[in-house]
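Chain A is fixed; fit chain D onto it per the hints.
If you want the building blocks of each chain, they are given just below.
2 protein chains.
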Amino acid sequence: MNQPVQIVGSPISPYVRKVLVCLERKKIAYEIDPIVPFFGNDEFSRLSPLRRIPVLIDERVALADSSVICQYLEDRQPEPAFYPRDVADRARARWLEEFADSRMGDVFIWRLFNQIAIRQRVWNEPPDQTVVKQALEVEIPSVLDYLEGELPADGFLFGDPGIADVSIACFFRNAAFARFQVDRSRWPRTAAFVARALALPEFQKLARIEDAMLRTPIPKQREALRELGLALMAKSYGSDAPRRGIMPI
Amino acid sequence: MNQPVQIVGSPISPYVRKVLVCLERKKIAYEIDPIVPFFGNDEFSRLSPLRRIPVLIDERVALADSSVICQYLEDRQPEPAFYPRDVADRARARWLEEFADSRMGDVFIWRLFNQIAIRQRVWNEPPDQTVVKQALEVEIPSVLDYLEGELPADGFLFGDPGIADVSIACFFRNAAFARFQVDRSRWPRTAAFVARALALPEFQKLARIEDAMLRTPIPKQREALRELGLALMAKSYGSDAPRRGIMPI
Numbered sequence: 001m002n003q004p005v006q007i008v009g010s011p012i013s014p015y016v017r018k019v020l021v022c023l024e025r026k027k028i029a030y031e032i033d034p035i036v037p038f039f040g041n042d043e044f045s046r047l048s049p050l051r052r053i054p055v056l057i058d059e060r061v062a063l064a065d066s067s068v069i070c071q072y073l074e075d076r077q078p079e080p081a082f083y084p085r086d087v088a089d090r091a092r093a094r095w096l097e098e099f100a101d102s103r104m105g106d107v108f109i110w111r112l113f114n115q116i117a118i119r120q121r122v123w124n125e126p127p128d129q130t131v132v133k134q135a136l137e138v139e140i141p142s143v144l145d146y147l148e149g150e151l152p153a154d155g156f157l158f159g160d161p162g163i164a165d166v167s168i169a170c171f172f173r174n175a176a177f178a179r180f181q182v183d184r185s186r187w188p189r190t191a192a193f194v195a196r197a198l199a200l201p202e203f204q205k206l207a208r209i210e211d212a213m214l215r216t217p218i219p220k221q222r223e224a225l226r227e228l229g230l231a232l233m234a235k236s237y238g239s240d241a242p243r244r245g246i247m248p249i
Numbered sequence: 001m002n003q004p005v006q007i008v009g010s011p012i013s014p015y016v017r018k019v020l021v022c023l024e025r026k027k028i029a030y031e032i033d034p035i036v037p038f039f040g041n042d043e044f045s046r047l048s049p050l051r052r053i054p055v056l057i058d059e060r061v062a063l064a065d066s067s068v069i070c071q072y073l074e075d076r077q078p079e080p081a082f083y084p085r086d087v088a089d090r091a092r093a094r095w096l097e098e099f100a101d102s103r104m105g106d107v108f109i110w111r112l113f114n115q116i117a118i119r120q121r122v123w124n125e126p127p128d129q130t131v132v133k134q135a136l137e138v139e140i141p142s143v144l145d146y147l148e149g150e151l152p153a154d155g156f157l158f159g160d161p162g163i164a165d166v167s168i169a170c171f172f173r174n175a176a177f178a179r180f181q182v183d184r185s186r187w188p189r190t191a192a193f194v195a196r197a198l199a200l201p202e203f204q205k206l207a208r209i210e211d212a213m214l215r216t217p218i219p220k221q222r223e224a225l226r227e228l229g230l231a232l233m234a235k236s237y238g239s240d241a242p243r244r245g246i247m248p249i
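Chains as they are written, first to last, in my numbering: chain A, 1 to 249; chain D, 1 to 249.
Okay, chain A solo, but in the shape it has when bound (with noise of 0.2 Å):
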């Protein structure tokens, strides 16, 4: 287990960030290769039936589903723990894990960050401004509205920054780049935990990844992580220009 970890997907995506995070304190070495998955070739759609990302490749295993892989980190190596002890807490934790990927995932990246910065960006095509606006207006008040219900007044959710903090912040770092900050007069709660995570160091370390790959057109990516000092693998599973298909939901 010396060879560092292998993990294709571009760390924009908040499911390649969660992954990344849970290495970074758990300091398993990896590498990346920073594809958008419209951008994987055929070998991607085998290593990943849903073209989804990100995948984790090591000498046993490649996983192609972001909870599976954090998962897999915690059994491989338990400490530090991602996971809480306490059963009913770590029951607990998985399940606002699969609320975040699922329905944050839904109303941030598909309704929000999707329309706003990748349908332009991929597809050069304009935003759908009803979808946006519901978006906006009443899919992530609700989940909003939620969260403000569950999350600690100070501190993390089960004591350690862990899977379900970690999955949860994720998503606002892209609803940041899609201009979205939460109202903190509304949900001062969620305010509070969002900006008490993202101040974590391996988010910061990523966030300044995770800028320079905004700045940079796709083609140029790779080279820009390496001049960051990020590992790259030598092979990359992207293509020339996107792909339409299933969508890596």
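It is worth saying that the hints were derived from the structure and are not from the lab.
Keep in mind that a hint or two might mislead.
[Unchecked claim] Per the computed footprint, the stretches of chain A lying under chain D, defined by three or more beta-carbons under 8 Å from a beta-carbon of chain D, are: (1) 70-77; (2) 83-97.
[Stated by the list, open to error] In silico contact screen, one side only, chain D against chain A (beta carbon under 7 Å); selected entries: (3) R46; (4) L50; (5) I57; (6) V61; (7) Y72; (8) D75; (9) P80; (10) R85; (11) A88; (12) A91; (13) R94; (14) W95; (15) Y146; (16) L147.
From the three backbone atoms N, C-alpha and C, an ideal C-beta is built for every residue, glycine too.
For chain D alone, kept in the frame of chain A given last:
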């Protein structure tokens, strides 16, 4: 932990079925409230923020996601094991569960079973034949091609039947409700695996319950289940009429 666990959700759902098979294999006593998600009342929305079934309630938790529930049951009562012991096998099993729950759920439930069986029954709307045709001709064959390369020629995926086998097999019950059968000349391994899995005593026991439910109008299903000897929850989270809103996916 002597109280039966409570399961909210109709056994017609593949996700409820997965949890019930897990409970049966572990011989954990349960009571059920057999609601269809669209028929949940306000209290159900609080219990299951995404209005998904199943929900598991015990003395310590209320969990509203079938994957989280099965993993919790494994943590709460490890024997008999429902997940592989080996760390890499366990990760691979969780990936196959995720593939089933997301991709098979999408094509078998939302594009086939929902179109053919639910839209008419719950919403009084005819099926969208374009969606059904695309599912039968393109999407389902693609899923079966993938499974054909993954499933074993004999026995089950990782020794004893477990989370991956059960997650996959569950969807073929709903496919059968929509009169879909795997073509054994085209996908022989998958056809044989499905027959083997659905012949397990846990699936056989549940099949009798499911068949009774399919014959019974929704308002009379609780009574029908009581007559079959299934333990029912005293309280129901059902409402009298279906409601639209967040799709339970």
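Minimum beta-carbon distance criterion (7 Å), D/R85 to chain A: 11 Å, violated
Status of the hint placing D/L147 at chain A (closest C-beta pair under 7 Å): Nearest chain A Cβ about 10 Å off; hint violated.
Cut-off 7 Å, beta-carbon criterion: hint that D/Y72 touches chain A: 4 Å, holds
Chain A contact restraint on D/R46 - CB to CB distance below 7 Å: Since chain A brings no Cβ nearer than about 10 Å to D/R46, farther than 7 Å, the hint is violated.
Coverage of the stretch 83-97 of chain A by chain D, judged on three or more residues with CB within 8 Å: It holds, with 7 qualifying residues against the three required.
Supplied contact hint for D/L50, tested at 7 Å Cβ to chain A: 6 Å, holds
Supplied contact hint for D/I57, tested at 7 Å Cβ to chain A: Interface hint status for D/I57: violated (12 Å vs cutoff 7 Å).
Restraint check, 7 Å cut-off on beta carbons, for D/A91 near chain A: 4 Å, holds
Status of the hint placing D/V61 at chain A (closest C-beta pair under 7 Å): 5 Å, holds
Hinted contact D/Y146 with chain A - closest CB pair below 7 Å: 6 Å, holds
Hinted contact D/D75 with chain A - closest CB pair below 7 Å: Status holds, d = 4 Å.
Coverage assertion for the stretch 70-77 of chain A with respect to chain D, Cβ distance below 8 Å, three residues required: holds (count 4)
Hints 3, 5, 9, 10 and 16 from the list above are not met by this structure, while the remaining hints are.
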